[in-house]
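Novice: Each chain, written out:
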Amino acid sequence: MQTLSKMPPASSAGLSPDNYTFLQQYLYRESGIVIDCGKSYLLESRLLPIIKAENLSTINDLCRLLRATAPPALKTKVIESLTTNETLFFRDSNVFDALEKSVLPQLIEAKNDIKRINIWSAAASTGQEAYSLAILLAERGLTGWSIQVLGTDLNQQVLDRAAQGRYLQIEVNRGLPAKYLVKHFTRVGLDWQLSPTIRSMVKFRQLDLRASMRGMAPFDLVFCRNVLIYFDVDTKKKILAEIRSTMRSGSLLVLGAAETTLNLDDNYVRVPHGAAAFYRLP
Amino acid sequence: MAKAMVIDDSRAIRMILGRTLSQHGYEVSTAGNGREALELLNAAPSSPNLVLVDWNMPEMNGLEFVKAFRADPKYSDVPLMMVTTETEIDQMVRALEAGANEYVMKPFTDEIIADKLRVLGLIQ
Ligand SMILES: C[S@@+](CC[C@H](N)C(=O)[O-])C[C@H]1O[C@@H](n2cnc3c(N)ncnc32)[C@H](O)[C@@H]1O
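Note that the protein sequences, when read in sequence, are chains A and B. With the numbering used here as the guide, the letters of the first sequence map in order to residues 1 to 282. With the numbering used here as the guide, the letters of the second sequence map in order to residues 1 to 124.
Isolated chain B, as found in the complex (with noise of 0.2 Å):
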């Protein structure tokens, strides 16, 4: 089963996210900011199959937590999504250009989501 980690500091949009990328068959699991994020990655037998972030969280936010996941070999193909309330196009550019795949602005809906997964291949 293919894994995805889903990074936001609400536990509310884990919850909906967590629950679309099930429907798609990801066994997913959740984490409040990038440090928590990174060590639970670090601490799997594998890597994930696709992680969504968001930008603003405590500790360590997504940009951080984009650059130090990309800084890492094995982690340099994992399809990686921002899923944020940031809409300005020069943070998207500074997320795209740290390593992050796709981009999605919040509010978002379920559709959003899916159509984003077909934007990057994981479905069809």
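With the rest of the complex left out, here is chain A (with noise of 0.2 Å):
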């Protein structure tokens, strides 16, 4: 979680509008994210981490570094500093309400006869998504069946955080409710650690979403939520139709609240379930 208001800005010279497009552009080239007018502040302050660990002086500076010969190791640390990446475990609860109630069970029901079910949290963060999934599943005392929920992302240090499975006090305390805290969580000093079941469940791997996605295991359910509002519209429709490649008839997509399939890619059908909507592939 990053708290970006606390952080004091960058010092001396502010970030020139010549290295504002260079970033811009910078970042739109490495992640597909795009960043609008206007927002020198939150440039500066991510970077201002990576400006001190370099002993350079401005993020001038360290803009004059990339656009030279930026080492890969900075590269990925502008790009990860530069990508937000909030989650919480069960967040919007509308649909894990959904899941919970009708469509996990009709998925469990349709899969009766193979017992495998497979799961992708893209853009899955520091993996309290995945791990949702995974305790919803486990809730379900699926004995003999095979499930596998697969969390991807672009920022390797999220993933890396993600397959410990070790979350602090303020992480757990959102949105994950206390029956599963209980159940599935150990405490470790301050920390709270996930118990082996429900990682094991849970396997990461990093993945750009703008990368050909053929050869992805086909998934019953694809979680892909809270990232497309940070593309433009032609990457929008790009991942959209690689996920599509990465399901079978029948199998869901879930977008975050804030996102639709509409005037994206009409292959999708809007199913609700209760108060979420779930776009299913015909």
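Don't take every hint at face value.
[Claimed, not checked] Between beta-carbon pairs, the in silico distance windows are:
hint : chain 1 : residue 1 : chain 2 : residue 2 : range
1    : A       : 113       : B       : 39        : 53 to 63 Å
2    : B       : 39        : A       : 105       : 39 to 49 Å
3    : A       : 270       : B       : 10        : 42 to 52 Å
4    : A       : 143       : B       : 56        : 35 to 45 Å
5    : A       : 272       : B       : 49        : 19 to 29 Å
6    : B       : 71        : A       : 38        : 34 to 44 Å
7    : A       : 75        : B       : 10        : 42 to 52 Å
8    : A       : 100       : B       : 49        : 19 to 29 Å
9    : A       : 234       : B       : 97        : 53 to 63 Å
10   : B       : 121       : A       : 42        : 30 to 40 Å
11   : A       : 38        : B       : 39        : 52 to 62 Å
12   : A       : 94        : B       : 49        : 44 to 54 Å
13   : B       : 89        : A       : 156       : 27 to 37 Å
These are computed hints drawn from the structure, not numbers from a lab. Just so it is clear, CB atoms sit at the ideal spot from N, CA and C, and this is done for glycine as well.
Using the hints, put the two chains back together into the complex; each one sits in its own frame.
Specialist: Put into structure tokens, the structure is as follows:
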């Protein structure tokens, strides 16, 4: 979780207009994320730790370095600092209510012959979404089933944290029902560690959503939430089309509350479940 | 208007939680311990729609309050959340078994309280 507002602004020379455009294009090229005009403070506060660590004095120096020969590690750090990774357990209770009450029971019924369910949390960030899904499925007590949740993200740093399955008190306080906290976590010092059972259901690996998704396991359920909002229309269209190639007929896509396939991809059929919208591939 | 009761021996916490809940549309009343809360509740014309209760308080602590509250059938369905510095799993299990629906570990933020109200299905 990032607390931008608490960071002091980068000192001395502010970001020059020229370098602003450079950073916009740089971020777009490396991640697809579009940053509007007037977000200097955001760029400066997020890049400040890197400027300090690299012993540079201003954000313009950092741009100069990036324009010249940025070492790959620096490039990665810059991109990772500029992505928003905020997430929480059971984010959007409408979606998780629908999963619990109708979507998962129907899916389990439909898969009862093969006893296999594959779920993908695209843009998994620090893993709370993927683990929330694993917890809900574990609660169903599906012995003898193969249940796999794949979490992917562009940012390797958040994936490393996700793979540990270890969370701060402030993170388990948010959105995670207490009954699941006491059942699936143990306390380790001030942190909270997810049980091996839940962790064994989830794997994480790096993936740029703009890359080809051919060859990815057909998924029954794809979560791609709160990431499309950062992209332009063409990128959104391309990603929605690629995601379709990882689904089979009847599979469901879940987007963030502020996202839709409308006017982007007509191949999905919007199916309301309670107060949440799911997008089905016919 | 939905009614909430906040029970905490710290006036500052009562104020912060009260403010958060009123932002979510609740009419809030407060009590400094479990006994005072039960007295106020019994004198009120109707049951509350939500109760937030601390654990460590003088006279009657939060766990004792939860047990007494749930023992009265008219309160059996009222959503109740503990908001406390107790962070041991055993304590949490005791609170849930006694009838708490949710549990927040202090320190909390407005966002954490709102997330938990969502978990309880009380706000969108
Ligand atoms: C706000 S988080 C969303 C987390 C979670 N899905 C949720 O809804 O709570 C957005 C994530 O998208 C990731 N991201 C940004 N651009 C990406 C890209 N091109 N490919 C894959 N992931 C990307 C970021 O690293 C970040 O972790």
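Novice: For every hint, state whether the structure bears it out.
Specialist: Results of checking the hints against the structure:
no.: 1; hint: A/113 with B/39: 53 to 63 Å; verdict: holds, 60 Å
no.: 2; hint: B/39 with A/105: 39 to 49 Å; verdict: holds, 45 Å
no.: 3; hint: A/270 with B/10: 42 to 52 Å; verdict: holds, 47 Å
no.: 4; hint: A/143 with B/56: 35 to 45 Å; verdict: holds, 41 Å
no.: 5; hint: A/272 with B/49: 19 to 29 Å; verdict: holds, 27 Å
no.: 6; hint: B/71 with A/38: 34 to 44 Å; verdict: violated, 58 Å
no.: 7; hint: A/75 with B/10: 42 to 52 Å; verdict: holds, 49 Å
no.: 8; hint: A/100 with B/49: 19 to 29 Å; verdict: holds, 23 Å
no.: 9; hint: A/234 with B/97: 53 to 63 Å; verdict: holds, 54 Å
no.: 10; hint: B/121 with A/42: 30 to 40 Å; verdict: holds, 34 Å
no.: 11; hint: A/38 with B/39: 52 to 62 Å; verdict: holds, 55 Å
no.: 12; hint: A/94 with B/49: 44 to 54 Å; verdict: violated, 20 Å
no.: 13; hint: B/89 with A/156: 27 to 37 Å; verdict: holds, 32 Å
The structure is inconsistent with the numbered hints 6 and 12, although it conforms to all the rest.
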